[in-house]
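Given these sequences and hints, build the entire structure.
2 protein chains.
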Amino acid sequence: MKKKEVLVLEDLLGSNKKIAAGIRRELTSKGILTINLLSSPGAGKTSLLEVISENLSPEFKMAVIEGDIETERDAERIRAKGIPAWQIVTGGACHLEAKMVGKLFPEIPPDLDFLFIENVGNLVCPAGYDLGERLRCVLLSTPEGDDKPKKYPKAFATSHCMIISKADLAPHLPFDAERAKREALEINPGLEVFVLSSLDGTGVEAFTAHLKKALHELRRNNA
Amino acid sequence: MKKKEVLVLEDLLGSNKKIAAGIRRELTSKGILTINLLSSPGAGKTSLLEVISENLSPEFKMAVIEGDIETERDAERIRAKGIPAWQIVTGGACHLEAKMVGKLFPEIPPDLDFLFIENVGNLVCPAGYDLGERLRCVLLSTPEGDDKPKKYPKAFATSHCMIISKADLAPHLPFDAERAKREALEINPGLEVFVLSSLDGTGVEAFTAHLKKALHELRRNNA
Numbered sequence: 001m002k003k004k005e006v007l008v009l010e011d012l013l014g015s016n017k018k019i020a021a022g023i024r025r026e027l028t029s030k031g032i033l034t035i036n037l038l039s040s041p042g043a044g045k046t047s048l049l050e051v052i053s054e055n056l057s058p059e060f061k062m063a064v065i066e067g068d069i070e071t072e073r074d075a076e077r078i079r080a081k082g083i084p085a086w087q088i089v090t091g092g093a094c095h096l097e098a099k100m101v102g103k104l105f106p107e108i109p110p111d112l113d114f115l116f117i118e119n120v121g122n123l124v125c126p127a128g129y130d131l132g133e134r135l136r137c138v139l140l141s142t143p144e145g146d147d148k149p150k151k152y153p154k155a156f157a158t159s160h161c162m163i164i165s166k167a168d169l170a171p172h173l174p175f176d177a178e179r180a181k182r183e184a185l186e187i188n189p190g191l192e193v194f195v196l197s198s199l200d201g202t203g204v205e206a207f208t209a210h211l212k213k214a215l216h217e218l219r220r221n222n223a
Numbered sequence: 001m002k003k004k005e006v007l008v009l010e011d012l013l014g015s016n017k018k019i020a021a022g023i024r025r026e027l028t029s030k031g032i033l034t035i036n037l038l039s040s041p042g043a044g045k046t047s048l049l050e051v052i053s054e055n056l057s058p059e060f061k062m063a064v065i066e067g068d069i070e071t072e073r074d075a076e077r078i079r080a081k082g083i084p085a086w087q088i089v090t091g092g093a094c095h096l097e098a099k100m101v102g103k104l105f106p107e108i109p110p111d112l113d114f115l116f117i118e119n120v121g122n123l124v125c126p127a128g129y130d131l132g133e134r135l136r137c138v139l140l141s142t143p144e145g146d147d148k149p150k151k152y153p154k155a156f157a158t159s160h161c162m163i164i165s166k167a168d169l170a171p172h173l174p175f176d177a178e179r180a181k182r183e184a185l186e187i188n189p190g191l192e193v194f195v196l197s198s199l200d201g202t203g204v205e206a207f208t209a210h211l212k213k214a215l216h217e218l219r220r221n222n223a
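From first to last, the protein sequence lines are chains A and B. Each residue of the first sequence is one higher than the one before, counting from 1 in the numbering used here. Each residue of the second sequence is one higher than the one before, counting from 1 in the numbering used here.
Careful, some of the hints might be misleading.
Claimed, not checked - Straight-line alpha carbon distances no greater than 25 Å define the calculated DSS-like cross-link-like pairs of lysine-lysine that follow:
#1 Lys61/A x Lys213/A
#2 Lys150/A x Lys81/B
#3 Lys150/B x Lys81/A
Calculated directly from the structure, the hints in this document are not laboratory data. All values derive from a computational prediction rather than experimental measurement.
So, in structure tokens, the structure goes:
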């Protein structure tokens, strides 16, 4: 990269970081746990949110910010579950930025428990942008292959959880969950790993239990 | 985007276009058909190249340029098939650019029939960068879902072929090939659509026949 390009990129990332820090402070003080979901297109982020919504309801209140390049489809799927959802259409941009989330702030109900942000389907670019989340979770779906963590390391290096999704398809695939897990943990030994299927429900309970625990810790620290 | 950012981006894309045009001229004059493969991570680009190599050999000579953020894994898989392969490791960058391909020029054998470029696994960013290819093919794997063309339109709008890959998994999935095809054709009515499985070989013959025909046309135009 030429010098001018580097400067522009640093400026963008610097201002994104500042906005993200403000969002995190604000949502944390309200006792809301914010989760940024990252993955390739079609790894099952929206399907996971659909089953989570059934698991958390009615005890917990959740809402979803959907990021897509085009269409309002994902927000419509979430709203069909009775969950508030806002669609950010990036119109070409390959990732969400903190300022896009910030613009929705006035609309976010203050009595939420969980705010999920479903990023644009892209295993590369979203990893570089803090959105003010408390937890970042990367999904790796079994059909994508067990060799992906080392090929797309940043998403795994910057996440708190890794979710191996579409576990129901594993019997039909050359997918070694142990290899995927081992590679991801070599990149980031602190990753919490979940293996789940939104289709048959396997592992969903363990993941939501983790989210509830994280919410509890956030509020205990606030108290 | 601020004005400075727009200017920098235009400058980058402008110089990429010029380099790409030069690459296309050079490879076309040598009678080499260049194919740029685009898709999400794990949609089966490398597996497709493996089966294509078996189908084209020994009648045709092919070589592969592999683009990945990290690791030399894909080039190693191709070389294991006896096919020359060069790995471009982008070290974080989310797409290949024409200048990266241009740097490999001195190493490309002049007697090739097909030069495949496997782009970084990303359904968004690579669509914006001409690499000097003659054909651009986008893969959509069945597990990604039939709703992806409208959500990631640029890759479909700028391609000549769409390959619905992992057709063998379709019986286990809520995937409607007709819907995916219809949506893609609404974006780009000129798309040639292929449904194939690299695992069981379905549809591979039809795709390679298309490539051979395109090679024949290129050389007829050269004559």
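Hints and how they fare:
no.: 1; hint: Lys61/A x Lys213/A; result: holds (15 Å)
no.: 2; hint: Lys150/A x Lys81/B; result: holds (22 Å)
no.: 3; hint: Lys150/B x Lys81/A; result: holds (22 Å)
Hint check: no violations occur; every hint is consistent with the structure.
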